[in-house]
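Given chain A, put chain B in place with the hints provided.
Residue numbers (the numbering used here), protein chains in the order written: chain A, 1 to 391; chain B, 1 to 391.
Hints may be right or wrong, so weigh each one.
Which copy? The list can't say, so a pair holds if one copy fits it or any two copies do.
Using 27 Å as the maximum straight-line C-alpha spacing, the simulated BS3-like pairs for lysine-lysine come out as follows [as the list claims (entries may be wrong)]:
(1) Lys42 to Lys72
(2) Lys127 to Lys20
(3) Lys173 to Lys127
(4) Lys306 to Lys16
(5) Lys78 to Lys42
(6) Lys27 to Lys127
Derived by calculation from the structure, the hints in this document are not laboratory data. Just so it is clear, the structure is predicted and the values come from calculations on it, not from any experiment.
Protein chains: 2
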Amino acid sequence: MNNFIWYNPTKLYFGKGQIKKLNYELKNYQKVLLVYGGGSIKKISLYEDVIEILKDNEKSFFELSGVEPNPKIKTVRKGIEIVKTQKIDLILAIGGGSTIDTAKAIAVGSVSQNDILDLLKNKYIQKEGIAIGTVLTLSATGSEMNPRCVISDDEAKLKLGLGIWEVPATYPKFSICDPTYTLTVPKNQTINGVVDIISHTLEQYFNRNENNIIGERFAETLIKTMIDIGPKLINDLQNYQLRETMMICGTLAWNGLLRGLNNNGDWASHQIEHALSAVYDIAHGEGLAIVIPAWMEYCAEKDPSKFVVFAKNIFNIKLENKTDQEIAFEGIKAFKMFLKKIGAPQSMKDYKIKNVNIDALVEKTMLGRKTIGQYILLDANDVKKILNIIF
Amino acid sequence: MNNFIWYNPTKLYFGKGQIKKLNYELKNYQKVLLVYGGGSIKKISLYEDVIEILKDNEKSFFELSGVEPNPKIKTVRKGIEIVKTQKIDLILAIGGGSTIDTAKAIAVGSVSQNDILDLLKNKYIQKEGIAIGTVLTLSATGSEMNPRCVISDDEAKLKLGLGIWEVPATYPKFSICDPTYTLTVPKNQTINGVVDIISHTLEQYFNRNENNIIGERFAETLIKTMIDIGPKLINDLQNYQLRETMMICGTLAWNGLLRGLNNNGDWASHQIEHALSAVYDIAHGEGLAIVIPAWMEYCAEKDPSKFVVFAKNIFNIKLENKTDQEIAFEGIKAFKMFLKKIGAPQSMKDYKIKNVNIDALVEKTMLGRKTIGQYILLDANDVKKILNIIF
Chain A
1 MNNFIWYNPT
11 KLYFGKGQIK
21 KLNYELKNYQ
31 KVLLVYGGGS
41 IKKISLYEDV
51 IEILKDNEKS
61 FFELSGVEPN
71 PKIKTVRKGI
81 EIVKTQKIDL
91 ILAIGGGSTI
101 DTAKAIAVGS
111 VSQNDILDLL
121 KNKYIQKEGI
131 AIGTVLTLSA
141 TGSEMNPRCV
151 ISDDEAKLKL
161 GLGIWEVPAT
171 YPKFSICDPT
181 YTLTVPKNQT
191 INGVVDIISH
201 TLEQYFNRNE
211 NNIIGERFAE
221 TLIKTMIDIG
231 PKLINDLQNY
241 QLRETMMICG
251 TLAWNGLLRG
261 LNNNGDWASH
271 QIEHALSAVY
281 DIAHGEGLAI
291 VIPAWMEYCA
301 EKDPSKFVVF
311 AKNIFNIKLE
321 NKTDQEIAFE
331 GIKAFKMFLK
341 KIGAPQSMKD
351 YKIKNVNIDA
361 LVEKTMLGRK
371 TIGQYILLDA
381 NDVKKILNII
391 F
Chain B
1 MNNFIWYNPT
11 KLYFGKGQIK
21 KLNYELKNYQ
31 KVLLVYGGGS
41 IKKISLYEDV
51 IEILKDNEKS
61 FFELSGVEPN
71 PKIKTVRKGI
81 EIVKTQKIDL
91 ILAIGGGSTI
101 DTAKAIAVGS
111 VSQNDILDLL
121 KNKYIQKEGI
131 AIGTVLTLSA
141 TGSEMNPRCV
151 ISDDEAKLKL
161 GLGIWEVPAT
171 YPKFSICDPT
181 YTLTVPKNQT
191 INGVVDIISH
201 TLEQYFNRNE
211 NNIIGERFAE
221 TLIKTMIDIG
231 PKLINDLQNY
241 QLRETMMICG
251 TLAWNGLLRG
261 LNNNGDWASH
271 QIEHALSAVY
281 DIAHGEGLAI
291 VIPAWMEYCA
301 EKDPSKFVVF
311 AKNIFNIKLE
321 NKTDQEIAFE
331 GIKAFKMFLK
341 KIGAPQSMKD
351 YKIKNVNIDA
361 LVEKTMLGRK
371 TIGQYILLDA
381 NDVKKILNII
391 F
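Excised from the complex, chain A in its bound form (with noise of 0.2 Å):
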């Protein structure tokens, strides 16, 4: 195994009705700042339940609510705005991965004395933050429960990270996981943050670290549950058991135990996938369930071996008689075949997107790097010829 470091501060809640632990969390703080999206926490009362606990704790709250889909700088500079002027104390985020993101990055950026947009772009590490809680709406991103958050220069229609895994400042302080929240989740989100739970999975366990035979057995306990609970979840969506399997999966797809025992893992996908979305607005979860087999087909060409452990232990394919490029694609297929079946997207062609510029994305998703990935190292030829599959 390659050297790593483990660390996560963030406490976790999860189960039902975790929610009132946010009393005993609440007593560390006075003013609160609420960020949500577009509303759908108050359809499930979640919202009404979180003011009253508020209230009943003496607080004095502001909210920051519409945070987008794929969340915009100019989203964060109006919570930053708030922070600063109202001087809040805890940024409580309501909702999935993009509300929770967008808490991070307001974090950080009303304290840093330089603005958000040059954090973004890493050009600083911000050790301090405002303290952040989270309570979970939706399965997908992990941002729960790590220090990662994506956000939209949509002016440079570009995607930017931001957060170390060293340092504490970006993950929340305490994270409320109750499965009852995402039972009204629906199919369509339901479907991407399947996708997206195993695509993060995916993504670390296609490593070259050697020796890790827990990170691989735990990375495809995550792989084989998801594929076998995604299906029978779209047909069956208020299911509790499947939605709480979907839950511990999604925070431990992507919290840094599997980022260190692999080796921190491939993620060329993602980069790809970042620089898809950040063009042409779509989700997440839909642009990895077409760049992922892609690059499985281009890789598995280049370097069959772990695509042939992915297909004996994550779809039983026999290895008899057949070479390792054939039994690496009838793995790959299994893998296609699932995907289908919960009604995930196959290509860019359904979107019918007219006068691609395919050496922009490429640009877009090197960002100046001369290679990208770690099980096979791709460069901006490698990613054009992906791209050139999808499209």
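Positioned in the frame of chain A, the structure of chain B alone reads:
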């Protein structure tokens, strides 16, 4: 799944040469108390390396050496005395579970108005403590990344636990886990470590939680991996890759992750073993190797259901044309064969102890509780029957 809280603020530095990170971690502290055992850290030059780093960083330091395998209250009291008189602000434990456990008890004992014996008897929860750091030299207890410690009250012949999972006081702030330091661990201690790691995982595996797919699969990964590498390692003690795998398994077996997913687990075997090793001063791993199979046989008679899963998933026992009892006992037999294969003790008869007082052991196990365990609730009479199996 039952509701759970997952919280673990320890920063883990894993891998070769991570001792250099001590330079970074020391920056917050001025006066260090080194805690270590019988001097094995001097044989592998780890002691010299740490002293050099302390001197390079101009820290003043004091030493508490000679921590026992089952650490005693009088040793903890010595440490508390040094911390108080010298105004120590970091306790640096270099060793295995006993050394780290001692550091934890010193950490909270030094700031409490109450005597350490009162704290250990759980009369008071201690929320603050002196900072703890660790350099791990033995894979076994998981103490490097959890808040628990076990100290022996040798006057009363009792083992007493301390440390709350939701309270940071007894978590190490950082732990340096370099498998290199475990390459010279002798065979008998390695055997005990293998047993200890498997036993921690088994205790959590046998639970009454519903729908805990991930908890079950993660636990099985650790158990299967340890059962695979255990015999190889016993015959190849200096194999770095095997030591590396054992070290990460040891940490993951008991750092709160499995505990949360698996609703804490059973732990009756540990409670029986703590009574045993408090009275007879045998190693914890030896006691567990004797108690667990007896606990298994006794409990599988009452409800074989989880033992069937254990037999199937850990040992690939075929299920066809067999009763649940038969499958369960085949699994238990396979586990006993494994323990024999690695050279773990089989029975308390091997120790040739005269005048065994079973009733006193029952009392020390129950400690006033009416029942212990979760998978099967055991009363004093059940515990007596299990003790009669092993003596």
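Each hint tested on the structure:
Within a single copy, Lys42 and Lys72 get their C-alpha atoms as close as 22 Å, which meets the 27 Å cut-off; across copies the closest is 56 Å, which misses it. For a Cα distance limit of 27 Å, the shortest separation of Lys127 from Lys20 across copies, 22 Å, qualifies, whereas the shortest one inside one copy, 30 Å, does not. Proximity of Lys173 and Lys127 under a CA criterion of 27 Å is satisfied in both settings, with 15 Å inside one chain copy and 18 Å between copies. For the identical chains of this complex, Lys306 and Lys16 are inter-copy neighbours only, at 25 Å across copies versus 38 Å inside a copy, given an alpha-carbon limit of 27 Å.
Within a single copy, Lys78 and Lys42 get their C-alpha atoms as close as 21 Å, which meets the 27 Å cut-off; across copies the closest is 58 Å, which misses it. For a Cα distance limit of 27 Å, the shortest separation of Lys27 from Lys127 qualifies both inside one copy, at 24 Å, and across copies, at 16 Å.
Checked against the numbered hints given earlier, the structure satisfies every one of them.
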